[in-house]
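Q: Listed below, chain by chain, are the residues.
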Amino acid sequence: MSEREAARLRLRRGPGLGMIALRCAPHVPGLGEALGGALGGMRGAALPERGRIVSANGGAVAWMSPDEWLLLCPRERTAGLLERLSRELAGEHHLLADVSDARAVFTLSGPGWREALARLGPADVSPAGFGAGMFRRSRLGQVAAAFWISGPDELRLFCRSSVAGYMEALLEGAARGEGPGIFDAPGA
Amino acid sequence: MLILECPFCGIMADETELAPGGEAHVRRVGPEGSDEAFEAYLFMRRNPCGVHFELWRHAHGCGRWFIAARNTLTLEVYGTYPAQTDRPPAAIVRAIRRRVPGWEWQP
Ligand SMILES: [Zn+2]
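From first to last, the protein sequence lines are chains A and B.
Just so we're aligned, residue 320 is where the first sequence starts under the numbering used here, counting upward by one.
Just so we're aligned, residue 10 is where the second sequence starts under the numbering used here, counting upward by one.
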């Protein structure tokens, strides 16, 4: 990768996040409070709206489907959070599982990430269609992936661990070359 | 290329994000059904030239099954709705009739 390309997009494997899958009906009493409490320091409920992710204190809750959420946290907090959540949801019909090893995480930084994603899948990644706070599950190349904006000019992405090697090669390829720069801000 | 709105996550999903599930609103023939009726349930499909109902799964998204009402001749999409629906909702029927006057739902 040339220096110029690297300035537009850097690809890094990780961070290794703790991931907890939660499935239950969205109207389960206390669900939002349980998730907010798990993240810690959140006032009240933390139940992301459809297609969104809420972040606080190094953790996050992502909307996966109408009855599924994914908790993201530092690895070392996974076991504690799992225990806490199953205590708070005891008596309610639900499923909680530590799925930290199921997925591989990538971090893309630099202004070129929108263009790289646009080369790989059908998702609308223009600034108008994909902004901070959104959590998009889609297809990249041949496999399913999910991504969200984790900071200024920074995107976090995950896919199944079994296809992590493929995803890494895919992203490296998409980061190469001079693109048309269609998502670059005017004058940037 | 077909673009369908997933009624569960609201995403305008490209066909390549979806997995097809064949004709929708096919009723299962129960244990009392005749061999002919069961064979028809398993294998016989309408394959119409015109208004059609299809099952799709948002396989690369939220994972849910939904039904798309569309026209196989004009490729117009009338709408989508959850698969847990045993007949086209009234709004979908209205949308179809606006474009295909006199169209009737045939279970
Ligand atoms: Zn969906």
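Just so you know, the hints here were simulated from the structure itself, not pulled from any lab data.
Heads up, the beta-carbon is just placed ideally off N, CA and C, and yes, glycines get one too.
Please note that a few of the clues may not be correct.
As the list claims (entries may be wrong) - One-sided excerpt, in silico: chain B residues whose CB lies under 8 Å from chain A:
| no. | residue |
| --- | --- |
| 1 | E14 |
| 2 | C18 |
| 3 | V35 |
| 4 | H69 |
| 5 | C71 |
| 6 | G72 |
| 7 | R73 |
Stated by the list, open to error - The calculated label-pair distances, taken between Cβ atoms and stated as ranges, are:
| no. | chain 1 | residue 1 | chain 2 | residue 2 | range |
| --- | --- | --- | --- | --- | --- |
| 8 | B | V86 | A | H412 | 32 to 40 Å |
| 9 | B | D44 | A | P334 | 54 to 62 Å |
| 10 | A | V418 | B | W74 | 40 to 48 Å |
| 11 | A | A421 | B | R108 | 42 to 50 Å |
Q: Could you run down the list of hints and mark each one as holding or not?
A: Against the structure, the hints:
1. Proximity of E14 (chain B) to chain A is violated relative to the hint, the smallest CB-CB distance being about 12 Å (cut-off 8 Å).
2. For C18 (chain B), the shortest C-beta to C-beta distance to chain A is roughly 6 Å, which falls under 8 Å, so the interface hint holds.
3. Using the Cβ-Cβ criterion of 8 Å, the hint placing V35 (chain B) at the interface with chain A is not satisfied: the shortest such distance is roughly 24 Å.
4. Given hint, H69 (chain B) at the interface with chain A, holds; its Cβ is 4 Å from that chain's nearest Cβ, closer than 8 Å.
5. Nearest Cβ of chain A to the Cβ of C71 (chain B): about 4 Å, under the 8 Å cut. The hint holds.
6. A hinted interface residue such as G72 (chain B) counts as satisfied when its beta carbon comes closer than 8 Å to some beta carbon of chain A; here the least separation is about 6 Å, so the hint holds.
7. A cut of 8 Å between beta carbons decides the hint on R73 (chain B): the least distance to chain A is about 6 Å, and the hint holds.
8. Range check, V86 (chain B) to H412 (chain A): about 36 Å between beta-carbon atoms, so the 32 to 40 Å window is met.
9. Our hint of 54 to 62 Å for D44 (chain B) and P334 (chain A) holds, since their Cβ atoms are close to 59 Å apart.
10. For the pair V418 (chain A) and W74 (chain B), the beta carbons lie near 22 Å from each other, so the given range of 40 to 48 Å is not met.
11. The hinted range of 42 to 50 Å is satisfied by A421 (chain A) and R108 (chain B), whose Cβ atoms lie roughly 44 Å apart.
The structure fails to meet hints 1, 3 and 10 from the earlier list, while all remaining hints are met.
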